[in-house]
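Asker: Based on the hints, put chain B in the right spot on chain A.
Number of protein chains: 2
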Amino acid sequence: MRTIFKPGTMLYPIPAVMVSCGNATDGYNIITIAWTGTICSDPAMCYISVRPNRYSHDIIKQNGDFFINLVNRDLAQAADWCGVKSGRDVNKFQAMHLTPVHFDGMNAPYIKESPLSIACKVQQIIELGSHDMFIAQVTHVLADNQYMDPRTDKFRLEDADLIAYNHGSYCLLGKKIGKFGWSVEKKKKAKKS
Amino acid sequence: MRTIFKPGTMLYPIPAVMVSCGNATDGYNIITIAWTGTICSDPAMCYISVRPNRYSHDIIKQNGDFFINLVNRDLAQAADWCGVKSGRDVNKFQAMHLTPVHFDGMNAPYIKESPLSIACKVQQIIELGSHDMFIAQVTHVLADNQYMDPRTDKFRLEDADLIAYNHGSYCLLGKKIGKFGWSVEKKKKAKKS
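Chains as they are written, first to last, in numbering that gives the first Met the number 0: chain A, 0 to 192; chain B, 0 to 192.
Chain A extracted, bound-state conformation (with noise of 0.2 Å):
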């Protein structure tokens, strides 16, 4: 049996990731997004949705670049903040002890403390009610060296600890139960007794 709500944004689990954007000029600023998601394969897309009342809503209109940092446990509580309190009112990165850190071409810092950042170029707004989307065209991505595997150059984001929204909570990633295409794989002949 089914109970019937009302329409809610109900799509967990989701990233809640750490947008930072802003210039040199007029000042960084952090804001935490739990709408985002990726849109496109090929060219990379990315999307995050911000209400046009956030202090970074113009900053990213404005500038037209932002960096999606992804949030592991060490960030978790700084990403929460940075989700609650305002840039109007205060410099997010001093206060969270953050560091950001220029990239040639972006207008916006990455986050120096997140594992893995996404180069963001706004692509397209698109007004939907409370929440503006922001439609954007991935430029580069960039992975912190301490989770690149030196054996095969690989990215290793299983051990950066990341962290999942569940409905109000921010969750660990737990037990791996399979890995894309096992419902298919062969099974393992049985060994010979």
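Simulated from the structure, these hints should not be mistaken for lab results.
Check each hint, because a few of them may be wrong.
You can't tell identical chains apart in this list, so a pair holds if it fits in one copy or across any two.
To be verified - Here are the simulated lysine to aspartate or glutamate pairs, DMTMM-like style, with alpha carbons at most 25 Å apart:
hint	residue 1	residue 2
1	Lys175	Asp160
2	Lys5	Asp103
3	Lys175	Glu157
4	Lys120	Asp148
5	Lys174	Asp160
6	Lys5	Glu157
7	Lys185	Asp73
8	Lys5	Asp160
9	Lys5	Asp148
10	Lys175	Asp88
11	Lys60	Asp103
12	Lys60	Asp131
13	Lys84	Asp148
14	Lys5	Asp152
15	Lys5	Asp143
16	Lys120	Glu184
17	Lys5	Asp158
18	Lys175	Asp148
Answerer: The following block gives chain B in isolation, referenced to the frame of chain A:
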């Protein structure tokens, strides 16, 4: 130090949902989607991005409706399978022993075995490249009663055992490390000794 990658889809962890579509006459289908998210709170809106050559793409385009069905541990293997196989070759509901349920006003069934199903009506399709983004308004949220708290009438999503998708792996959710706003909560006064 940072390693700089070319543009890629590295925004994780994300949901992996089973999108159900189709009608009783032409048949029902399921496609598993990780490029999905909430894009607006009021009105509640979601998106899914789908490659044009996927069987479900035209079904959703023609019917205008789909359900986003959240995936828990019990559904994880079926979700992986529905992401790899095509509805052109097989009836996924039958093959995975899943139950399509009609819902009045929707040209799509929901999946009975999912803990929570989100009814979505397509408003706009944006061609981005490899993927088309279906922008949709949420009209209803259907929750399995077994996760309803009889005291509060609230849905206990944290009990639904949802999975996250993290760079090719399906993971259970692990330890809860905080809830929204916990970084600014007043600390409880120290107990008098």
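Asker: For every hint, state whether the structure bears it out.
Answerer: Each hint tested on the structure:
1. Lys175 - Asp160: Classified as both; 13 Å inside a copy, 13 Å across copies.
2. Lys5 - Asp103: Intra 46 Å, inter 14 Å, cutoff 25 Å: inter-copy only.
3. Lys175 - Glu157: both (10 Å within a copy, 18 Å between copies)
4. Lys120 - Asp148: neither (28 Å within a copy, 43 Å between copies)
5. Lys174 - Asp160: Cα proximity of Lys174 and Asp160: in one copy and across copies (12 Å, 12 Å).
6. Lys5 - Glu157: Answer is between: at 20 Å across copies they meet the 25 Å cutoff, but 36 Å inside does not.
7. Lys185 - Asp73: between (39 Å within a copy, 20 Å between copies)
8. Lys5 - Asp160: between (35 Å within a copy, 23 Å between copies)
9. Lys5 - Asp148: Classified as between: cross-chain Cα gap 17 Å, same-chain 47 Å, threshold 25 Å.
10. Lys175 - Asp88: neither (41 Å within a copy, 29 Å between copies)
11. Lys60 - Asp103: within (19 Å within a copy, 41 Å between copies)
12. Lys60 - Asp131: both (10 Å within a copy, 24 Å between copies)
13. Lys84 - Asp148: neither (36 Å within a copy, 32 Å between copies)
14. Lys5 - Asp152: Only across copies: Lys5 and Asp152 sit 13 Å apart there, 47 Å inside one copy, limit 25 Å.
15. Lys5 - Asp143: between (42 Å within a copy, 15 Å between copies)
16. Lys120 - Glu184: Neither: 38 Å inside a copy, 35 Å across copies.
17. Lys5 - Asp158: Classified as between: cross-chain Cα gap 21 Å, same-chain 39 Å, threshold 25 Å.
18. Lys175 - Asp148: Intra 19 Å, inter 28 Å, cutoff 25 Å: intra-copy only.
Comparing the model with each earlier hint shows violations of hints 4, 10, 13, 16; every other hint is respected.
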